[in-house]
Each structure stands twice: as structure tokens, then as C-alpha cells.
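J.: All chains should be modelled from the sequences, with the hints used to inform the complete structure.
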Amino acid sequence: MPPREGTYGLLAEFDTPGDLVRAARQARQDGWRRMDCYTPYPVEEAAEAIGFHRNKVPLITLIGGLMGLAAMFSLETWISTLAFPLNIGGRPTYSWPAFIVPAYEWTILFAGLSAAFGMLALNGLPALYHPLFNAPNFRDGATTDKFFLCLEALDPKFNLAETKAYLEGLQPVSVVEVEY
Amino acid sequence: MAHETHAKTLPADLGAPAFVDGWKSRALMVGVVFSVIAAGLAFADGSIEHVLRAWVLGLMMTFGFSVGGLALLMVQYCSGGKWGLLLRRPLEAMSRTLPLVFVYWLVVAFEVKRLYLWAQVSDVTAALKSGLINEVQAHAIEFKRPMLNPGTFIWVSVLCFAIWGLYTWRLNALGLKRDSDSPANTPYWIKKLENISGPGIVVYSLTMTAAVIYWVMSMDPTWYSSVYGLLFLVGQGYMVLAFSIIVSLGLSKAEPFRTVLRQTEQHDMGKFMFAFVMLNIYLAFGQFLIIWSGNLPEEIPWYLDRIRGHWGIIITLDFMFHWLIPFTLLLSRDIKRNKKRLVRVCQWMIFAKAFDLFWLIEPNYKDAARNLHFSWGILEYAAVPVAMTAFWVAFFCTRLKARPLVQTNDPHLAEILEPEHVHA
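Listed in order, the protein sequences are those of chains G and E.
Residue numbering for the first sequence follows this note's numbering, starting at 1 and increasing by one per position.
Residue numbering for the second sequence follows this note's numbering, starting at 1001 and increasing by one per position.
By construction, these hints were calculated from the structure, which means they are not laboratory data.
There could be a bad hint or two in this list.
Unchecked claim - Chain G side only, calculated, beta carbon under 10 angstroms to chain E, not exhaustive: (1) G18; (2) V21; (3) E44; (4) G51; (5) N55; (6) P58; (7) I60; (8) L66; (9) G89; (10) G90; (11) R91; (12) A98; (13) V101; (14) E105.
Claimed, not checked - Once the Cα atoms are required to be at most 30 angstroms apart in a straight line, the calculated DSS-like pairs of lysine-lysine come out as: (15) E:K1401 / E:K1340; (16) E:K1008 / G:K146; (17) E:K1191 / E:K1082; (18) G:K56 / E:K1401; (19) E:K1192 / E:K1401; (20) E:K1340 / E:K1008; (21) E:K1082 / E:K1192; (22) E:K1253 / E:K1271; (23) E:K1401 / E:K1177; (24) G:K146 / E:K1082; (25) E:K1340 / E:K1253; (26) E:K1340 / G:K56; (27) E:K1177 / E:K1340; (28) E:K1271 / G:K56; (29) E:K1366 / E:K1082.
Note that beta-carbon positions come from the ideal geometry of N, C-alpha and C, so glycine has one too.
T.: The following block contains the structure:
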């Protein structure tokens, strides 16, 4: 893919999460779709405000967990009944209560790993480059105390001058243009 | 720069809404109907044996709500958190139902000889000869006599009730005092309530363990489990959270809870309850796995009494009812954030707790151990505890109406009135 050039989007900076959420709600209501919020900590309302949609991470986690459960339980069953049957205190070789604990641990392990790697696979991380880091106020504030709303140039409604005026109407601290 | 506040204001009237009276009359009606059913069943069965056994189940349910409510109140005073502001007054009301629980217990105290084998047998040799008990039971009853005798049973229980009563009275009185004091003194009250509650949790764990050992575990004098008290402790957290979520979501249909109950805190309480669902099965399965692995003649009969003779069906259902179903449902974020569905899950969990107690109590008796069979009497388990819990709920409603529903001298109040997105 050739390197993209031009404007990535317009970045509005806010001081409080409340202001960000209100601005994001307004923008979505006004028809904006290609946009994103950036906050130093998770603000669930911001995700909802820009139309957060469901993703497949929960499904991947469930499938991973069930696979871990099935894998460990059948491994233990195979070892104890077929591969290396041992008489332990006269108990039956298929002693399911003893298999529960490792099977449970593998359920948790597989579910956790599937959630982590599934999330990374679906959200495109790790990313080595992101144009927003070109904005100095984003570099300094996005991980500490600033809240950002970015309207992206890919949105069909995007027009540099009009969008800048529109964002300024949402009463941000500042609006800056971000280059690719 | 937009910096105006969007905080809500607390309504002037913080009293319980009028429909709490409706809950009360509905609960009384259910109580009366189920009392009639219980009496009819006792008549059909021709004995009150099962009425008494089911009575212990009802006692353990209401005791769990009342003293468990006190315990969660103390945990809340120590841990802090916004959820506490929502639950504090309902929990205080639950703790103040202790007198009714004591009245329920009096019946058990009077009928101790019918309910407990160790109280029935005064002469071990004679009972052994007549075939009432076997040698293992004879040995256990004789050996445990200093602890398991009617006198100690009554004194230990009364002492426990006195201690719970003392904590209930102190925490409830100070809770009101804190609100009538000036807001400037709130840090002092927070510290004071914390200092009472911290040791209180330890005292509660010990007294509660003693009570459940006497009231439930000693029904089988031969068996013992060191995790038993903890199992009931977690069980109380399980049912108390379920009940208080039902109450607070019910109250949120009107002021003042409509203003203070946010979805964030509802979600938090759901997560908290989910933790108890996990802890509950962890302890229950841990106990089973250890005893199953040990396979010792002193311990394993207790489980065999509860697995063989069709009891296997009940334990399988018990596992599904009180772990699998709440676990799978509470995993879902949507259910935890949906009022109607979360209330349904909570109602189910309270039923599941009672079902678990049925599995714990009934097989202690000779006629039922390893032999699950139908009798009119066994249906008492579906009548007596419902009636007792219904009367308890009615009493709880009067307690709930006695105080304003929201504590105003609390640093979390300002936060809870703000819109949800202000805080992470």
C-alpha cells in the first residue's frame, strides 16, 4: 500500500470526560460516523456515544474456554483410562471429580489467552504508527488528562473548513488538523 | 469553555415510596396462603416431623438475610464504595429483622429433641440396644456430649443472638446519629463505624460458624467439615446480595432511588454477586473433592447419604440451579445492566439457595438418607420456608419504612448524583 498523504482528520481537545461525551453524542446525532474518542482511561459512555458496536471477542473467548475445557478433560480421561491406567486407592480409573480442577484451570487459561489475542487480532494492535501522534497536544495529553474527539477525513461529510467550524461550535479547548 | 455542572439534585423526601406498603400486604398474603398449605400438608402427612425440618430451612433463609445483611453492612463500612450508599439502608433494615429470626429460632429450641438425634438420645447404651442408633453414632454422640447437649445448644445460640443484636443496635443507632450530625464530622463517623465493623466481621464469622454448626451440621452428629461455617458465610453473601439487588431495583421505580441508582452501580453489584456465585461453588466443590479423595469412613457417608437412593438427581439439579444457571447468566454484561433480567436472576438465586439447604437438611434423617421418596411431608419444604420468608419480608418492609432511604452525610453522595461519564 502506498503511503497515504493529506489530512487524517480534525482533532478536538476537551478538559473533562463530560464535555467529550456531550460533543461526541452531538457529532453522532449530526450524522458523523468516521470518528473516534481518545481518553486516558476507559470512558464507556464515550464508546456508546459514537455508536459502539458489538464485536466477536466474547465469542472467541467462549470458544477458547470450551476448547480448553474439552482438551484438558479428554487429556486426563485418555491418560487415566487408556494410556497409563493406575490403581489409586481402589478408585475407578475414570474418576471425574479429580479431573475437574485441571480442566477448570485450562478453561480459564484458554479463555484468557483467547480474549487477549482475539482482541489484538481484531483491533489491529500493535500498530507501529498512528497519525494522531503528530499532534503535540495529543502526544502530551492523551495518556494523562485530556479527552479527544477526532472527526476523520474519510467521512463523506468531511470538509476542512466547514468541519473545523463545526468542531469549534462544540466548545473544545482547541481544534487542530492532523496530517497522515 | 463548558464547565457547567450536570449533577442531579436529591429529592426533598427521602422516605420509602408508598408501594413498599403494597409489598408488605402482598408478602403477608403469601405468608397466610402458604401457612394454610403447610397446615394442610401436615394434616395429610399426619405428623409435624417435616414441618420442623422445613422450619429449620426457613430459619436458615431468614437468618441468612438478617445476620448476613448485618455482615454485608459491616463489610461495606470497611470497604467503602458507592454501592454501599445504595445498599446501606436496606441492609440496616435487614439487620433489624433479628427479633423475628429469634422468634423463629425459639421453635427450634423448643423442639430440639425432635430435630436433633443427639438431643433425642440421653442413654447411649439403651439407644444402641434398641437399634435407634448405630455404633458410630453412639461413639460420636458420647464423645461430643459436652458440646452437643440441649443446654449448651440454647446458651450458645442465645449468646450469638445477643452479640448480633448488640452489633445491629450499635450500627443502626450510629448510622442515624451520623446523619443528624454536621457534615464536617463525617470523617470521624466513617472512622468510627469502620472501627466497629472491622472486629465485627471477625466476631460475626465466629458466631455464625457456631450457630450453623449447632443448627444444621449437628443434625448428623457423626460428620464434621472445617469449611462448613465459611460455606454458609459465602452462602449468606450470595443470598443477601440477591435480595438487596431486588430491593434496590424495586425501589428505583420511584424517588429517591430513581435519582441515586445509576446503571454503573447496578452493574457493580451484579459483578459482586457473580464473585459470590464463584466462591460458593469453589468451597462446595472443594469440600466434596477433599472428602471424595480422602474416602474415609468417618466422612464419606455424609455424601453417600446425599447421593445414593435418587439423591443424585437432587445434587445434580442443585449444581445446575445454584451455580451453572446464575454463573452463565451473570457472565453477560447485558443481563447485569438490565433491571428486569437482573431481578429475575436474583429471584432464581434465592430459590436455588433454598434448594441447596433442602439437600443439606433432609438427608440427615434416617427415613430420608439414601432414600429420596415422596411423602406429603416432604412438600412442607415448599410451603413452610415460603411462609416464613414471606412474613419476614413483611417485617422487613416495616423496617425499611422506618428511615430515610439515603444517607445524606456521605462523601459518595455528590459522586452518585453526577452523570455516569464523569468518573471512570
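J.: None of the hints should be skipped; say for each whether it holds.
T.: Consistency of the hints with the structure:
1. Below 10 angstroms, beta-carbon pairs count as interface contacts, and G18 (chain G) has one with chain E at about 5 angstroms; its hint therefore holds.
2. With a least beta-carbon distance of about 4 angstroms to chain E, the hint placing V21 (chain G) at the interface is held under the 10 angstroms criterion.
3. The interface hint given for E44 (chain G) is met, as the beta carbon of that residue sits about 8 angstroms from the closest beta carbon of chain E, less than 10 angstroms.
4. Taken as an interface hint, G51 (chain G) does not check out: its beta carbon lies about 16 angstroms from the nearest beta carbon of chain E, beyond 10 angstroms.
5. Evaluation of the N55 (chain G) hint against chain E yields a violated restraint, the C-beta minimum of about 13 angstroms exceeding 10 angstroms.
6. Look at P58 (chain G): its Cβ gets to within about 9 angstroms of chain E, closer than 10 angstroms, so that hint holds up.
7. Among the interface hints, the one on I60 (chain G) is violated; its C-beta lies about 14 angstroms from the nearest C-beta in chain E, farther than the 10 angstroms criterion.
8. For the restraint placing L66 (chain G) at the interface with chain E, the shortest Cβ-Cβ distance is roughly 12 angstroms, beyond the 10 angstroms limit, so the hint is violated.
9. Look at G89 (chain G): its Cβ gets to within about 6 angstroms of chain E, closer than 10 angstroms, so that hint holds up.
10. Proximity of G90 (chain G) to chain E holds as hinted, the smallest CB-CB distance being about 8 angstroms (cut-off 10 angstroms).
11. Among the interface hints, the one on R91 (chain G) holds; its C-beta lies about 8 angstroms from the nearest C-beta in chain E, closer than the 10 angstroms criterion.
12. At about 7 angstroms, the closest approach between the beta carbon of A98 (chain G) and any beta carbon in chain E falls short of 10 angstroms, and the interface hint on this residue holds.
13. The restraint placing V101 (chain G) at the interface with chain E holds, with a minimum CB-CB distance near 7 angstroms, inside the 10 angstroms limit.
14. Residue-level restraint check for E105 (chain G) is violated (minimum Cβ-Cβ distance to chain E is 13 angstroms; threshold 10 angstroms).
15. As the CA atoms of K1401 (chain E) and K1340 (chain E) are separated by approximately 23 angstroms, the hinted pair is consistent with the 30 angstroms bound.
16. At most 30 angstroms may separate the alpha-carbon atoms for a hinted pair to count; K1008 (chain E) and K146 (chain G) meet this at roughly 25 angstroms.
17. For a cut-off of 30 angstroms, the pair hint linking K1191 (chain E) to K1082 (chain E) stands: about 17 angstroms separates their Cα positions.
18. For the proposed pair K56 (chain G) and K1401 (chain E), the alpha carbon gap of about 47 angstroms is over 30 angstroms, so the pair is violated.
19. Restraint check for K1192 (chain E) and K1401 (chain E): the C-alpha separation of about 26 angstroms stays at or below 30 angstroms, so the hint holds.
20. Restraint check: the Cα-Cα separation between K1340 (chain E) and K1008 (chain E) comes to about 24 angstroms, which is no more than 30 angstroms; the hinted pair holds.
21. Between the alpha carbons of K1082 (chain E) and K1192 (chain E) the distance comes to roughly 19 angstroms, so the proposed pair stays at or under 30 angstroms and holds.
22. The straight-line distance between the Cα atoms of K1253 (chain E) and K1271 (chain E) is roughly 22 angstroms, inside the 30 angstroms bound, and the hint therefore holds.
23. Simply put, K1401 (chain E) and K1177 (chain E) have alpha-carbon atoms about 18 angstroms apart, close enough for the 30 angstroms limit, and the pair holds.
24. As the CA atoms of K146 (chain G) and K1082 (chain E) are separated by approximately 25 angstroms, the hinted pair is consistent with the 30 angstroms bound.
25. Among the hinted pairs, K1340 (chain E) with K1253 (chain E) is consistent with the structure: their alpha-carbon atoms are about 11 angstroms apart, no more than 30 angstroms.
26. For the given pair, K1340 (chain E) sits about 26 angstroms from K56 (chain G) by alpha-carbon distance, which is consistent with the 30 angstroms threshold.
27. For the proposed pair K1177 (chain E) and K1340 (chain E), the alpha carbon gap of about 35 angstroms is over 30 angstroms, so the pair is violated.
28. Simply put, K1271 (chain E) and K56 (chain G) have alpha-carbon atoms about 22 angstroms apart, close enough for the 30 angstroms limit, and the pair holds.
29. This hinted pair does not check out: K1366 (chain E) and K1082 (chain E) have alpha carbons roughly 49 angstroms apart, beyond 30 angstroms.
In summary, the structure is inconsistent with hints 4, 5, 7, 8, 14, 18, 27, 29 from the numbered list given earlier, while agreeing with the others.
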